[in-house]
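Number of protein chains: 2
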Amino acid sequence: MTKLKRLFTIILRLLALGATTSAIIIMVTSHDSTEVLNLKFTVKYSNSPTFKYFVIVEAIASGYTLMVLFISPKSVFSPLVVVLDIVTTLLLTSGISAALAIAEVGKKGNSHAGWFPICDQVPKFCDRVSVSLILGFAAPIVYFVLNLYSLHPVFNPLFAVKP
Amino acid sequence: MTKLKRLFTIILRLLALGATTSAIIIMVTSHDSTEVLNLKFTVKYSNSPTFKYFVIVEAIASGYTLMVLFISPKSVFSPLVVVLDIVTTLLLTSGISAALAIAEVGKKGNSHAGWFPICDQVPKFCDRVSVSLILGFAAPIVYFVLNLYSLHPVFNPLFAVKP
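Protein sequence lines correspond, in order, to chains A and B. The first sequence maps to residues 1 to 163 in UniProt numbering. The second sequence maps to residues 1 to 163 in UniProt numbering.
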């Protein structure tokens with residue numbers, strides 16, 4: 001039973017690792033160019049500080065997830081992992097929320113602020129960013145399941161920790 | 001000792017409630033107007049879907065925090081509160097991250113995308129939004145401390161839950 005639990009946790013972590021590393025690769029390799037008045041403009045993720053933040057957060061989460069795969073559940077660090085898992089979920093949530101907010105402006109613009117949508121000009125860039133954001137959205141969900149799983153002794157009344 | 005713990009939790013919840021409700025009030029009452037070519041434009045939070053999302057998230061967190069204040073720690077719902085506290089922390093983190101991403105564009109613009117900063121035109125609006133965002137930033141921090149506090153039996157080895 002304990003082996004099965006360990007296997008389930010490892011599968012979840014590998015899923016999260018797959019999502020975050022794919023999100024980074026797709027985001028970093030996204031670029032497209034457009035011509036305005038015979039001048040060529042190239043669009044890439046690093047043009048937006050928010051997309052840079054997204055990539056940094058996904059990289060931290062990837063590194064952490066990879067590291068934790070090698071920590072035994074019997075290790076002294078095991079209780080710390082529960083807390084670091086929550087911190088990672090928060091970081092991933094922050095990164096995807098910020099990136100989605102900017103992507104929404106890129107897609108629809110904001111007429112009140114005079115910000116025009118850019119996706120009509122650079123559709124290839126927008127498509128790739130969308131895929132990266134879908135993967136970046138999956139990662140905190142997987143991590144949230146991991147949180148629930150490691151915390152089930154707390155909220156399962158049968159295992160309830162008495163204060 | 002248990003009474004002291006309960007008092008500490010209540011103080012944290014009241015702090016979070018103060019931060020979220022103030023953030024809502026300040027954000028909702030933020031507006032400013034500017035004239036462009038003799039046409040008057042009014043700027044308000046609801047012009048941005050992201051700021052609307054921020055207000056909705058703060059409202060959900062306020063309602064939840066108020067409700068939980070009346071739940072006894074001995075109630076059967078008490079273990080559920082631990083999980084809902086984490087969900088609330090995630091929601092608050094998502095709301096503030098998205099709002100900060102948009103505020104950054106409002107403040108500095110993005111020359112690559114052709115989005116001009118708007119804070120020079122509507123400084124009063126930007127100042128109030130900044131105060132709202134500072135409060136909105138404090139709320140998930142308070143909630144994270146609450147999470148750590150309710151989870152300390154899990155990561156404190158003396159109280160460690162054996163799997």
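It cannot be assumed that every hint is accurate.
Given that identical chains are not distinguished, each listed pair holds provided it fits within a single copy or across any two copies.
Stated by the list, open to error - Using 25 Å as the maximum straight-line C-alpha spacing, the simulated DSS-like pairs for lysine-lysine come out as follows:
#1 K74 - K3
#2 K124 - K40
#3 K5 - K124
#4 K3 - K44
#5 K108 - K40
#6 K52 - K5
#7 K108 - K52
#8 K52 - K107
#9 K44 - K74
#10 K44 - K5
#11 K108 - K3
#12 K3 - K107
#13 K52 - K40
#14 K124 - K74
Keep in mind that the hints were calculated from the coordinates and are not lab data.
For each hint, the structure was consulted:
no., hint, verdict
1, K74 - K3, "within (12 Å within a copy, 34 Å between copies)"
2, K124 - K40, "within (15 Å within a copy, 37 Å between copies)"
3, K5 - K124, "neither (42 Å within a copy, 55 Å between copies)"
4, K3 - K44, "neither (44 Å within a copy, 55 Å between copies)"
5, K108 - K40, "both (23 Å within a copy, 23 Å between copies)"
6, K52 - K5, "neither (35 Å within a copy, 41 Å between copies)"
7, K108 - K52, "both (21 Å within a copy, 16 Å between copies)"
8, K52 - K107, "both (18 Å within a copy, 18 Å between copies)"
9, K44 - K74, "neither (44 Å within a copy, 54 Å between copies)"
10, K44 - K5, "neither (42 Å within a copy, 50 Å between copies)"
11, K108 - K3, "neither (48 Å within a copy, 52 Å between copies)"
12, K3 - K107, "neither (46 Å within a copy, 52 Å between copies)"
13, K52 - K40, "within (23 Å within a copy, 36 Å between copies)"
14, K124 - K74, "neither (47 Å within a copy, 56 Å between copies)"
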